[in-house]
Amino acid sequence: MAFGILAAGAYIPRLRLQRKSIVDANRWFAPGLASLGKGERAMCNWDEDAITMAVEAARDATVGQDRRRIGTLYFASTTFPFLDRLNAGVVAEAISLSEELNALDIASSQRCGTSALIAALRGGTESLVVAAEHRRSRAASSVELTSGDGAAAFVIGAGKPVARLLGSAERTVDFVDHFRTADSVYDYQWEERWIRDAGYMTIVPPVIARCLAAAGVVPRDVTQFCMPAMVPRVVNAVAKAAEIPDAAVADNLHAVCGDTGAAHPLLLLVSALERAKLGDRILVVGFGQGADALLFECTGTLTATSGRLGSAGHLMRRREEKSYAKFLAFNDLIEIERGMRAETDKLTPLSSLWRNRDTVTGMIGGKCLVCGTIQFPITRICVNPNCDAVDSQEKHIFAEKIGRVNSFTADRLTYSPDPPACYGMVQFEGGGQWMMDFTDVDADQLVVGMRMRMMFRIKDVDNQRGFRRYFWKAAPVEATEGKF
Amino acid sequence: MPAGIRDKVAILGMGCSKFGERWDSDAADLMVEAYSEAIKDAGIETKQIEAAWLATAIEEQHVGKSAVPLATALRLPFIPVTRVENFCASGTEAFRGAVYAVASGAADIALALGVEKLKDTGYGGLPQRGRGTLNNMIWPNLSAPGLFAQLAAAYCTKHGVSREDLKRAMAHISVKSHDNAANNPKAHLRNRIALDTVLNAPMVAEPLGLYDCCGVSDGAACAIVTTPEIARAMGKTDIVSVKALQLSVSNGFEAQSNSWDGSYFHTTRIAAARAYEEAAIGKPRKEIDLVEVHDCFSVTELVTLEDLQLSAEGRAINDVLDGFYDADGIIPCQIDGGLKCFGHPIGASGLRMIYEMYLQILGRAGERQRKAPPRLGMTHNLGGFPHQNVCSVAIVGRYGD
Numbered sequence: 180m181a182f183g184i185l186a187a188g189a190y191i192p193r194l195r196l197q198r199k200s201i202v203d204a205n206r207w208f209a210p211g212l213a214s215l216g217k218g219e220r221a222m223c224n225w226d227e228d229a230i231t232m233a234v235e236a237a238r239d240a241t242v243g244q245d246r247r248r249i250g251t252l253y254f255a256s257t258t259f260p261f262l263d264r265l266n267a268g269v270v271a272e273a274i275s276l277s278e279e280l281n282a283l284d285i286a287s288s289q290r291c292g293t294s295a296l297i298a299a300l301r302g303g304t305e306s307l308v309v310a311a312e313h314r315r316s317r318a319a320s321s322v323e324l325t326s327g328d329g330a331a332a333f334v335i336g337a338g339k340p341v342a343r344l345l346g347s348a349e350r351t352v353d354f355v356d357h358f359r360t361a362d363s364v365y366d367y368q369w370e371e372r373w374i375r376d377a378g379y380m381t382i383v384p385p386v387i388a389r390c391l392a393a394a395g396v397v398p399r400d401v402t403q404f405c406m407p408a409m410v411p412r413v414v415n416a417v418a419k420a421a422e423i424p425d426a427a428v429a430d431n432l433h434a435v436c437g438d439t440g441a442a443h444p445l446l447l448l449v450s451a452l453e454r455a456k457l458g459d460r461i462l463v464v465g466f467g468q469g470a471d472a473l474l475f476e477c478t479g480t481l482t483a484t485s486g487r488l489g490s491a492g493h494l495m496r497r498r499e500e501k502s503y504a505k506f507l508a509f510n511d512l513i514e515i516e517r518g519m520r521a522e523t524d525k526l527t528p529l530s531s532l533w534r535n536r537d538t539v540t541g542m543i544g545g546k547c548l549v550c551g552t553i554q555f556p557i558t559r560i561c562v563n564p565n566c567d568a569v570d571s572q573e574k575h576i577f578a579e580k581i582g583r584v585n586s587f588t589a590d591r592l593t594y595s596p597d598p599p600a601c602y603g604m605v606q607f608e609g610g611g612q613w614m615m616d617f618t619d620v621d622a623d624q625l626v627v628g629m630r631m632r633m634m635f636r637i638k639d640v641d642n643q644r645g646f647r648r649y650f651w652k653a654a655p656v657e658a659t660e661g662k663f
Numbered sequence: 007m008p009a010g011i012r013d014k015v016a017i018l019g020m021g022c023s024k025f026g027e028r029w030d031s032d033a034a035d036l037m038v039e040a041y042s043e044a045i046k047d048a049g050i051e052t053k054q055i056e057a058a059w060l061a062t063a064i065e066e067q068h069v070g071k072s073a074v075p076l077a078t079a080l081r082l083p084f085i086p087v088t089r090v091e092n093f094c095a096s097g098t099e100a101f102r103g104a105v106y107a108v109a110s111g112a113a114d115i116a117l118a119l120g121v122e123k124l125k126d127t128g129y130g131g132l133p134q135r136g137r138g139t140l141n142n143m144i145w146p147n148l149s150a151p152g153l154f155a156q157l158a159a160a161y162c163t164k165h166g167v168s169r170e171d172l173k174r175a176m177a178h179i180s181v182k183s184h185d186n187a188a189n190n191p192k193a194h195l196r197n198r199i200a201l202d203t204v205l206n207a208p209m210v211a212e213p214l215g216l217y218d219c220c221g222v223s224d225g226a227a228c229a230i231v232t233t234p235e236i237a238r239a240m241g242k243t244d245i246v247s248v249k250a251l252q253l254s255v256s257n258g259f260e261a262q263s264n265s266w267d268g269s270y271f272h273t274t275r276i277a278a279a280r281a282y283e284e285a286a287i288g289k290p291r292k293e294i295d296l297v298e299v300h301d302c303f304s305v306t307e308l309v310t311l312e313d314l315q316l317s318a319e320g321r322a323i324n325d326v327l328d329g330f331y332d333a334d335g336i337i338p339c340q341i342d343g344g345l346k347c348f349g350h351p352i353g354a355s356g357l358r359m360i361y362e363m364y365l366q367i368l369g370r371a372g373e374r375q376r377k378a379p380p381r382l383g384m385t386h387n388l389g390g391f392p393h394q395n396v397c398s399v400a401i402v403g404r405y406g407d
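Each protein sequence line maps, in turn, to chains A and B. Just so we're on the same page, this note's numbering is the position in the first sequence counted from 1, plus 179. Just so we're on the same page, this note's numbering is the position in the second sequence counted from 1, plus 6.
For reference, chain A alone in the conformation it holds in the complex (with noise of 0.2 Å):
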């Protein structure tokens, strides 16, 4: 059994922001950014975050595996939710990993990713990596452009690995392009001329060459290079001084999606794995205060398996947003009247979120072991009207389900961040039904019949203390159908 890459996952929020409308709504203030303006970003939802989008990526590289056997599971991002509650545990619970478990968040640089992904490799338990990132940027701000938001995942263990790793080398050094503390929200950065000479040509180069020779390769034999950067055109230039053919420069995703921070690395990996054929070396590098240089060798195809979207799938997922406005008020970049609705307390009692995580982080219902009937949430008399026994469910996970939506609205009273809220009732197949929010879908889109996958999101943030929970809301599954 060979060790490796298993399989791999990604994840893209649905809605791409058009560059076009930042740059317009910009242009008063800051018409130099017009250059930035073309092609679209991906742009998290109001109730999207890196948690949720590091569970939707892990499920994606996860689609009918056997998540029990994961041992280790590793976190990265730079955008976590929580600073003190570990973000790698609200995803191993989402998708009901063991609870033995070594979980670990991944934080504070940019190449987190990658050094995640080389911690893995290092071998041990079947281990799940997963980066995800919800980029913050000024209005204005170049960075605003060039982000975007997203996650991707890896299953690292023993088995028929579609990619082996062949070598990989570190440099850590305190080169601070940008900095972002624990009191700011945004990055502050330097000039990016500096960066692209004394950062990227500087300390990126030599780290190619220490992982091409551990690894015995010569660069010419590099057929794919991943490596994000924030400095235009340096990628191409970092290829040229550590010899690499410049055909072998990958897309870094610019045009359709936008840099995703400390998972961009790993994003590029899935794409470039779903594009590569056998035999192929792809060297991935990630930057940010040194570098880290991975070289993979593909050695299996990343199976079409049903409900798997990968990279490609997930960018097909999508929805232009031309509202610049939108994406101001979700991430918190404008202050608008939201009206006395939306001053409800979302105080979330933490005792009873611990009580019923099952039900709640898990949407794990129960299967009556007397008379069958599936139903969520699980509670201690079965609600078949012809059963009635007490303690007789085991635990079901509704997590994994297709439903059907059996009756819908469209709701402009209730307060929502993103009106209409839509909601209705979902019919589980195999039984079962609950009233839910739907997310990613369009008002008028929705029609009684239509399938619906769960997805892990924001239930309701609690502005008085910060706190967020998250439970499951439907989407439609034509959206996400595994194609891919």
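Heads up, a few of these hints could be off.
[Unchecked claim] Label pairs and their calculated CB-CB ranges:
1. A/526 - B/407: 52 to 60 Å
2. A/598 - B/51: 32 to 40 Å
3. B/27 - A/317: 41 to 49 Å
4. A/642 - B/66: 16 to 24 Å
5. A/317 - B/216: 52 to 60 Å
6. B/66 - A/206: 48 to 56 Å
7. A/317 - B/66: 34 to 42 Å
8. A/581 - B/257: 24 to 32 Å
Derived from the structure by calculation, the hints contain no laboratory data. Small disclaimer: the values here were computed from a predicted structure and weren't measured. Heads up, the beta-carbon is just placed ideally off N, CA and C, and yes, glycines get one too.
With chain A fixed as given, assemble chain B onto it according to the hints.
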């Protein structure tokens, strides 16, 4: 089947405040307004009341918890007073408490009063509020119109009805209620409206527009009940008695098991069937003369008419459009304007419906009085949402019929 309460309890007096945006009144003022009318109608004194029930649902907006607010507002003489809450069906719950007290012999005269002071919220519609600790985590981000709107999608799918046909029938329902309320001086919304106004109104929760939703009002309603024997001894000759009083409460069947298709009210069907049995009514469409249903939304009224067996399944749209339920129709529905236009002060609504039946049966309904006073009237008071609710059905009529 137990003997039930048919003809065991008589209504001695009733009262109802003016419903509406009562900027002039606290809940206590509204309670006194309804009570003053009822006690005068009953012809008794406060000290003769032996037990009382207070219905109020969103008490945090006005009186707070417990029965103390009622006892204090009316200066009740240290008698047993109970506060009940069962969503929007709270009013009928207070009535049930008082009726049961008299039927059991525990009290000779009992009082039920429902009140709601909603217009101190600061915005239109019902207050946005929490639903309980776990529910807050796993229920959708709902509003009442949004959950009742679900009926439309399921009903149209089940019966092969187009959205347009449904919208027309719903609009007829709302236009009819506005017409009826124009003749009701205590109603909140007394303006007549055009069908096109309803159809072209802003959307609240697809497919319910502004005029498919009932008013949110302040108000109170009150009933004083006793036994028919005591009523007669007090000189009452025209006596309205309770024929049936039933309540059915969802147990998760609709919300959790997919045996329920979302197009009807499971509880209403059960409560109605039990009520007809209790009142010995075999053919409701022939025997019921007048009905007040819980028309919180036009679609609720439409679906409920079938659940009460007044219209055949899938036929309510035709009956509505044919005028069967109009004020001059066969079984007028919401002859007082209903929740839609009389208004919906939650805790008061169930009692307001019974108030209208009482007036109509006694021929005291003024401009809106049915020419031939009804003999049997039914009220349907629903609380909660289609997929989990409490449903009260009451039938009142002439004592001795």
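- Message: So, against the hints stated earlier in the document, which numbers end up violated here?
- Response: 2 and 5
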